[in-house]
Amino acid sequence: MKTENKIKMKTGILFSGGKDSCYAAFLAKKEGYEISCLIAIESQNKESYMFHTPFIDKVFLQASLMNIPLVYLKTKGEKEKELSDLEKAIKIAIKKYKINGIITGAMESIYQASRVQKICNKLNIECFNPLWQKNAYVHWKDLLKNNFKVIIASVSADGLDKKWIGKEIDEKILEELKKLSEKYKFHLGFEGGEAETFVTFCPLFKAKII
Amino acid sequence: MILIINICNEKLHYYEFVRPVCDILKNNKLNYFVKNYKNVNENDLKIAEKVIICGASIYDNKFIEDKNLKYFKWILDLDKPILGVCGGMQIIGKLFGGKLKKKTEIGYYKENFNKNFFGLIGESEVYHLHNYYADFLKLKEFEIFNYGKISQAIKHKKKEIYGVLFHPEVRNKEIIETFAKK
Numbered sequence: 001m002k003t004e005n006k007i008k009m010k011t012g013i014l015f016s017g018g019k020d021s022c023y024a025a026f027l028a029k030k031e032g033y034e035i036s037c038l039i040a041i042e043s044q045n046k047e048s049y050m051f052h053t054p055f056i057d058k059v060f061l062q063a064s065l066m067n068i069p070l071v072y073l074k075t076k077g078e079k080e081k082e083l084s085d086l087e088k089a090i091k092i093a094i095k096k097y098k099i100n101g102i103i104t105g106a107m108e109s110i111y112q113a114s115r116v117q118k119i120c121n122k123l124n125i126e127c128f129n130p131l132w133q134k135n136a137y138v139h140w141k142d143l144l145k146n147n148f149k150v151i152i153a154s155v156s157a158d159g160l161d162k163k164w165i166g167k168e169i170d171e172k173i174l175e176e177l178k179k180l181s182e183k184y185k186f187h188l189g190f191e192g193g194e195a196e197t198f199v200t201f202c203p204l205f206k207a208k209i210i
Numbered sequence: 001m002i003l004i005i006n007i008c009n010e011k012l013h014y015y016e017f018v019r020p021v022c023d024i025l026k027n028n029k030l031n032y033f034v035k036n037y038k039n040v041n042e043n044d045l046k047i048a049e050k051v052i053i054c055g056a057s058i059y060d061n062k063f064i065e066d067k068n069l070k071y072f073k074w075i076l077d078l079d080k081p082i083l084g085v086c087g088g089m090q091i092i093g094k095l096f097g098g099k100l101k102k103k104t105e106i107g108y109y110k111e112n113f114n115k116n117f118f119g120l121i122g123e124s125e126v127y128h129l130h131n132y133y134a135d136f137l138k139l140k141e142f143e144i145f146n147y148g149k150i151s152q153a154i155k156h157k158k159k160e161i162y163g164v165l166f167h168p169e170v171r172n173k174e175i176i177e178t179f180a181k182k
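Protein chains in written order, with the working numbering: chain X, 1 to 210; chain G, 1 to 182.
Rather than coming from a laboratory, the hints here were simulated on the basis of the structure. It is possible that part of the hints are untrue.
Computed cross-link-like contacts, EDC-like style, restricted to lysine to aspartate or glutamate with a CA-CA straight-line distance of at most 20 Å [unchecked claim]:
(1) Lys110(G) <-> Glu191(X)
(2) Lys141(X) <-> Glu191(X)
(3) Lys99(G) <-> Asp135(G)
(4) Lys122(X) <-> Glu105(G)
(5) Lys173(G) <-> Glu31(X)
(6) Lys172(X) <-> Asp142(X)
(7) Lys98(X) <-> Asp60(G)
(8) Lys122(X) <-> Glu125(G)
(9) Lys118(X) <-> Glu125(G)
(10) Lys11(G) <-> Glu191(X)
(11) Lys10(X) <-> Glu42(G)
From the derived model, a few chain G residues whose C-beta atoms are all more than 12 Å from chain X [said to hold, decoys possible]:
(12) Tyr14
(13) Phe33
(14) Gly148
(15) His156
Sample of chain G residues facing chain X (criterion: CB under 10 Å; computed from the structure) [claimed, not checked]:
(16) Lys11
(17) Leu12
(18) His13
(19) Asp23
(20) Asn27
(21) Asn43
(22) Tyr59
(23) Ile106
(24) Asn112
(25) Phe118
(26) Gly119
(27) Leu129
(28) Asp135
(29) Glu169
(30) Arg171
Here a beta-carbon is modelled for each residue, glycine too, at the ideal position from N, C-alpha and C.
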């Protein structure tokens with residue numbers, strides 16, 4: 001299953017519809033990779049460390065706006081069972097779309113990244129984490145520079161009250177968010193689940209979600 | 001000026017294995033330049049004060065294939081500090097006659113350092129991502145900084161050639177900072 005650099009590698013994006021997985025897809029495309037499918041997991045467990053995101057059902061719309069097929073699986077979200085469900089989804093993507101690499105939007109979470117790495121290693125495919133260790137503020141700036149429209153989908157951190165839900169992040173709001181993250185000591189990239197985001201537009205979309 | 005060497009076969013892996021090292025140097029206001037291992041030339045080695053060879057993905061072993069070892073021969077002659085990270089340490093081991101052995105480790109591990117390695121001493125948590133390691137136990141010209149069969153951190157006894165099996169750019173950034181600043 002090894003791929004030479006000259007051949008466009010077929011990849012699957014581990015996709016939540018949030019800023020990180022969308023930006024990872026954007027980078028993959030920019031660097032010449034073929035995005036053969038998106039892989040989304042809906043977890044019924046709100047405490048899931050791996051998959052919980054409030055707008056997961058909206059990934060169908062995002063996938064159609066990108067014209068990319070979607071592999072969508074539901075999981076109960078029990079700790080290790082959700083990993084075997086993820087493995088099942090990746091196996092479907094390998095079989096159906098012949099992918100030989102998975103791309104994630106992991107930035108800091110060793111818990112998430114190492115589990116995906118282990119599955120990819122077991123299945124003998126590449127694993128890419130192009131946002132790995134990226135500074136959260138620089139990442140936000142890159143999102144804005146590349147015309148990503150990102151809204152806050154949910155909040156669960158001191159300093160972020162419900163008025164933040166639905167807000168689209170622009171330069172001014174980013175500075176406000178940065179100040180709050182410094183004051184209340186939460187991760188500006190929301191790596192600790194302080195908030196969830198949803199992308200309404202990015203350069204891969206044909207139109208904006210209203 | 002620090003030369004950062006990219007050994008990744010895939011373009012997208014630059015962001016995962018090279019950029020984090022660049023960011024550490026940038027945050028410390030240190031100058032650097034990046035070259036692919038196949039394109040390192042005499043002038044690069046002349047202007048570089050130090051060299052960092054970054055790691056690669058767990059699936060990528062192209063750089064360590066026998067046919068590609070020729071691109072790293074300069075390590076044997078260069079009289080400047082070199083730090084090999086994961087795959088970079090495997091290259092150093094192989095160049096000096098060590099064997100590559102299979103061992104898959106992914107995620108956080110606790111390792112015990114019996115000597116100070118750029119500030120790392122005693123039981124320390126490190127981030128591993130590898131399927132192979134270079135066996136340094138029989139390489140008498142190297143000092144090993146940890147207990148156990150698998151060498152986690154090494155230094156050449158006469159030269160400033162260092163290697164770490166784990167990824168310091170993830171959870172032990174001070175190693176890269178100290179190496180770069182000293």
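Results for each hint:
no. : hint                    : result
1   : Lys110(G) <-> Glu191(X) : violated (23 Å)
2   : Lys141(X) <-> Glu191(X) : holds (17 Å)
3   : Lys99(G) <-> Asp135(G)  : holds (5 Å)
4   : Lys122(X) <-> Glu105(G) : holds (12 Å)
5   : Lys173(G) <-> Glu31(X)  : violated (27 Å)
6   : Lys172(X) <-> Asp142(X) : holds (15 Å)
7   : Lys98(X) <-> Asp60(G)   : holds (19 Å)
8   : Lys122(X) <-> Glu125(G) : violated (24 Å)
9   : Lys118(X) <-> Glu125(G) : holds (19 Å)
10  : Lys11(G) <-> Glu191(X)  : violated (25 Å)
11  : Lys10(X) <-> Glu42(G)   : violated (37 Å)
12  : Tyr14                   : violated (8 Å)
13  : Phe33                   : holds (20 Å)
14  : Gly148                  : holds (21 Å)
15  : His156                  : holds (28 Å)
16  : Lys11                   : holds (5 Å)
17  : Leu12                   : holds (5 Å)
18  : His13                   : holds (7 Å)
19  : Asp23                   : holds (7 Å)
20  : Asn27                   : holds (8 Å)
21  : Asn43                   : violated (25 Å)
22  : Tyr59                   : holds (5 Å)
23  : Ile106                  : holds (5 Å)
24  : Asn112                  : violated (20 Å)
25  : Phe118                  : violated (19 Å)
26  : Gly119                  : violated (19 Å)
27  : Leu129                  : holds (6 Å)
28  : Asp135                  : violated (21 Å)
29  : Glu169                  : holds (6 Å)
30  : Arg171                  : holds (8 Å)
In this structure, the hints that do not hold are numbers 1, 5, 8, 10, 11, 12, 21, 24, 25, 26 and 28, in rising order.
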